[in-house]
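Novice: Using the hints, position chain C against chain Z.
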Amino acid sequence: MGGFASHSGGASAPLAHMFGRDQIIMRNSLRLAIFGAVAAASFATSAQAATSATGTATAEVLSTLTVTNTADLRFGQIAANTGGTVTVNADLSVSSTGALISTGTRAPASFDVTGTPNAMVIVSLPTAAVDLTRSGGTETMSLSGFNTDPNGAFQLDGSGAGSFAVGGTLTVGSGQVAGTYSGTFSVSVEYQ
Amino acid sequence: MLPSSFVRRCGAVLTAVAAALAAIPAAAQGDLLVAPTRVVINNGGQAEVVLSNIGAKPATYRISLELRRMDESGDFSDIEEAAANPTERSALDMVRYAPRRITLLPGQPQAVRISVRPPAELPDGEYRVHMSFRAIPDATAPEAAPATGSETGVSIRLTPIYGITIPVFVRKGRLEAQASLANPRLIRNERGAYIELDMGRSGQRSVYGELIGKGPRGDVLFNLRGVAVYPEVTRRKVFVPLNAEQLAKLKGPVRIEYRELPENGGALLAETTANFQ
Numbered sequence: 000m001g002g003f004a005s006h007s008g009g010a011s012a013p014l015a016h017m018f019g020r021d022q023i024i025m026r027n028s029l030r031l032a033i034f035g036a037v038a039a040a041s042f043a044t045s046a047q048a049a050t051s052a053t054g055t056a057t058a059e060v061l062s063t064l065t066v067t068n069t070a071d072l073r074f075g076q077i078a079a080n081t082g083g084t085v086t087v088n089a090d091l092s093v094s095s096t097g098a099l100i101s102t103g104t105r106a107p108a109s110f111d112v113t114g115t116p117n118a119m120v121i122v123s124l125p126t127a128a129v130d131l132t133r134s135g136g137t138e139t140m141s142l143s144g145f146n147t148d149p150n151g152a153f154q155l156d157g158s159g160a161g162s163f164a165v166g167g168t169l170t171v172g173s174g175q176v177a178g179t180y181s182g183t184f185s186v187s188v189e190y191q
Numbered sequence: 000m001l002p003s004s005f006v007r008r009c010g011a012v013l014t015a016v017a018a019a020l021a022a023i024p025a026a027a028q029g030d031l032l033v034a035p036t037r038v039v040i041n042n043g044g045q046a047e048v049v050l051s052n053i054g055a056k057p058a059t060y061r062i063s064l065e066l067r068r069m070d071e072s073g074d075f076s077d078i079e080e081a082a083a084n085p086t087e088r089s090a091l092d093m094v095r096y097a098p099r100r101i102t103l104l105p106g107q108p109q110a111v112r113i114s115v116r117p118p119a120e121l122p123d124g125e126y127r128v129h130m131s132f133r134a135i136p137d138a139t140a141p142e143a144a145p146a147t148g149s150e151t152g153v154s155i156r157l158t159p160i161y162g163i164t165i166p167v168f169v170r171k172g173r174l175e176a177q178a179s180l181a182n183p184r185l186i187r188n189e190r191g192a193y194i195e196l197d198m199g200r201s202g203q204r205s206v207y208g209e210l211i212g213k214g215p216r217g218d219v220l221f222n223l224r225g226v227a228v229y230p231e232v233t234r235r236k237v238f239v240p241l242n243a244e245q246l247a248k249l250k251g252p253v254r255i256e257y258r259e260l261p262e263n264g265g266a267l268l269a270e271t272t273a274n275f276q
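Going down the list, the protein sequences come from chains Z and C. Sequential numbering from 0 applies to the first sequence in numbering that gives the first Met the number 0. Sequential numbering from 0 applies to the second sequence in numbering that gives the first Met the number 0.
I should point out that these hints are in silico values taken from the structure, not numbers from a laboratory. Because the structure is a prediction, the values reported are computed rather than measured. Keep in mind that a hint or two might mislead.
Stated by the list, open to error - Label pairs and their computed distance ranges (CB to CB):
| id | chain 1 | residue 1 | chain 2 | residue 2 | range |
| --- | --- | --- | --- | --- | --- |
| 1 | C | I78 | Z | A70 | 29 to 35 Å |
| 2 | C | S114 | Z | P125 | 27 to 33 Å |
| 3 | Z | P125 | C | A243 | 51 to 57 Å |
| 4 | C | R100 | Z | T81 | 51 to 57 Å |
Beta carbons: idealized from backbone N, C-alpha and C, even for Gly.
Same shape as in the complex, but just chain Z (with noise of 0.2 Å):
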């Protein structure tokens, strides 16, 4: 994969040059999501600036892979009465049992991620319930039922991109001591 033009740029160069070479490379028909265009356009520069020192001249494509969290995952304000449980699903329906009263807002976590077009990734969530500490005490409430929207793996768009949301299930205790629960809860985007 020969053929990029020397120039002195460098990684320095600026972005609007970057894309530049990212629109080179994509006409050149290597499929890649647009931040490992980028990243290969700079790379491509950089081994060839390199090349000048060492002789050295292909380069390579690396995948790359993001995930960015876009939204935190919501229970809203909850009165705990004799206790229950409060679903948020990620496929946004909301649901309680129980007498407790939950009300504000109620929203699954979701997350962006991008990677190589049309590639096949996988979401994992914890198969156990997780345990929320109250802040400044000991009482504790318990999350489980982790799902996803889309559910387990899904594929990533023809551009690279991709979406998706982790819901819930929160036990309230009966009598449950007020206070704001602090917790977290793991997800991974895994690739094959």
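Specialist: Positioned in the frame of chain Z, the structure of chain C alone reads:
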């Protein structure tokens, strides 16, 4: 396949990724980029994977090795280290990497070095770990509980610990593998329309590539990239999602090919034909 010259070029890669980052909009803490997305090391050696902070704030990432098993439905399951079988144990033991914890400013990349030296007595075969890159959340001071107007008011603050997991393969010896495709069927349900098919694998290593559906004139009807069959299974199911446009074009005989990715040579691994409608 990891290019052999990859390691030497790592400096170039780092600057390349740094340049790419400038184009990415700022986002939450812990956002990350990983490249490449799979690593193959033949008979030992070294490789590097670049991790970048593409979020708006400094973040600390932990890099760890995990185990996954593929099942016949094509799903992954998480395997605890204590439950590792001998092959998985060997993989964990021989894959070394550093650093294991990295703090990065927004836009800053760093390479994680991987080095593998398979023991001489290790049987030929493919060994695999999954390298996980995950942001460690801030030990944030407890937030004041919002006023709820209720004595039993409970509010929730959840922090996702999210990351990327890529497979690292170590192959020892000359390994062969064959793939097959069978029984493609069109399924329509509440999840939409998709083609389900059975993939078979034999030999001593995984197979990896893309599924391409072609119409009678060779036109590409669908393409699903990054499909593997791991050595722990001899067959798996795979689902190829179809949109309305793809579904409409699915007339007449469809040739389904399983090929290596173009960057790996694009060789045909298996094929089958089907008439869906």
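Novice: Next step is simple, just say for each hint if it's right about the structure.
Specialist: Verification of the supplied hints:
no.	hint	verdict
1	C:I78 <-> Z:A70: 29 to 35 Å	31 Å, holds
2	C:S114 <-> Z:P125: 27 to 33 Å	31 Å, holds
3	Z:P125 <-> C:A243: 51 to 57 Å	35 Å, violated
4	C:R100 <-> Z:T81: 51 to 57 Å	44 Å, violated
When held up to the earlier numbered hints, the structure conflicts with 3 and 4 and fits the remainder.
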